[in-house]
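Student: Generate the whole structure from the sequences, applying the supplied hints.
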Amino acid sequence: MKGDKPRYPEPNLSYLRLLSDDTGVIQHALYGVPNRPTGYTTDDNARALLVAIQEYERTGSREALASAATYLAFLYHALTPDNYFHNLMSYDRRWIDARGSEDSHGRALWAAGYVAGSTAPLEIRRAAQQVFEDAVPWARSLRSLRAIAFSMMGVAYYSRQWPESPVIAGLPERLSIQLLAAYQRHRSDEWRWFENALTYSNGMLPHALLRGFELTGNEQCRDVAREALEFLTEVLVVDGVLQPIGCHGWYARGGTRAWFDQQPVDVMGMVLLYLTAARVFQDERYQELATLSLDWFFGRNALGQIMVNPESGACYDGLTPEGVNGNQGAESQTAYLLAHLAMVRAGLATP
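Counting in the numbering used here, the sequence shown runs from 1 upward without gaps.
It should be emphasised that the hints constitute simulated quantities derived from the structure, not laboratory data. There could be a bad hint or two in this list.
Cβ-Cβ distance ranges computed for the label pairs, FRET-style [what the hints assert, rightly or not]:
1) S144 - T59: 29 to 39 Å
2) F298 - R62: 38 to 48 Å
3) G304 - R140: 42 to 52 Å
4) N83 - G326: 32 to 42 Å
Where a beta carbon is used, it is the ideal one built from N, C-alpha and C, also for glycine.
Tutor: As structure tokens, this is what we get:
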């Protein structure tokens with residue numbers, strides 16, 4: 001894997017725009033056509049906001065900035081009167097939940113925090129700042145480990161502009177303690193993990209602890225993150241190929257691992273984890289693992305299947321035992337693009 005960097009296509013947001021309208025990004029697709037009856041989610045619009053603003057930062061694209069404004073407007077609209085996010089909206093713009101999941105709340109904080117601390121125009125940053133500051137008090141009562149991890153990401157990015165803001169005072173420490181406590185409850189020599197199962201978005205848990213280390217200086221965060229990410233690498237990298245835990249059964253401690261379906265969002269989590277680990281530990285091995293993870297999208301996977309349509313730039317919804325799931329929904333597009341854009345920023349995915 002050493003030597004010349006592999007060449008990749010230019011990140012292409014055209015299909016994400018096709019999935020989007022003036023409300024936001026539509027949740028699912030029928031192959032390459034928006035599946036309107038599935039409506040919209042805060043989960044997807046949060047990730048789409050991250051994609052759009054990062055593309056704006058990379059290229060200065062006014063089209064990407066306009067998309068970011070649409071996705072940010074969705075998040076603002078999603079706030080309930082007590083500033084908790086809805087998640088599910090029907091195609092006719094009706095909220096169909098009383099409030100969203102903890103995970104969707106955390107993802108929205110991640111996106112709003114990123115934009116607030118970004119180089120976007122001031123009016124976009126101020127709007128994101130308000131959304132983040134309105135909703136972040138709920139982060140102190142979250143119980144879902146992934147929601148905690150997503151929230152840590154938002155806090156880390158928000159703190160680039162407002163490190164002394166009272167709305168995040170003590171929050172990195174609190175979120176770190178929750179993750180560390182979960183790890184200590186479940187860890188053994190054979191199972192170095194935060195829970196009794198490996199399920200979805202696994203890479204985000206050690207990633208959040210690395211962010212916690214950067215924010216607090218707590219070396220236990222760094223050390224636990226490294227132990228957990230090494231365990232995760234042992235499990236997921238099989239014969240030189242990244243194999244995310246399958247969503248049909250997961251991998252319970254002491255049980256049988258599910259190999260399929262493999263999901264793009266889990267690959268994204270590993271790319272982001274390895275890139276942050278490379279920076280924190282100054283270890284090129286993690287850059288190589290980030291490249292191995294991105295290559296899952298380009299055919300270096302269990303079935304040797306290309307997961308990104310070379311013409312449209314659209315990402316397929318998953319890898320099944322029979323091959324590629326031909327649908328191309330919002331989660332897959334945003335996950336792939338976030339992974340690809342992160343690698344471009346790191347100088348590891350030369351177009």
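Student: Now, for every hint given, state plainly whether the structure supports it.
Tutor: Status of the hints after comparison with the structure:
no., hint, result
1, S144 - T59: 29 to 39 Å, "34 Å, holds"
2, F298 - R62: 38 to 48 Å, "29 Å, violated"
3, G304 - R140: 42 to 52 Å, "46 Å, holds"
4, N83 - G326: 32 to 42 Å, "39 Å, holds"
Hint 2 from the list above is the single one not met by this structure.
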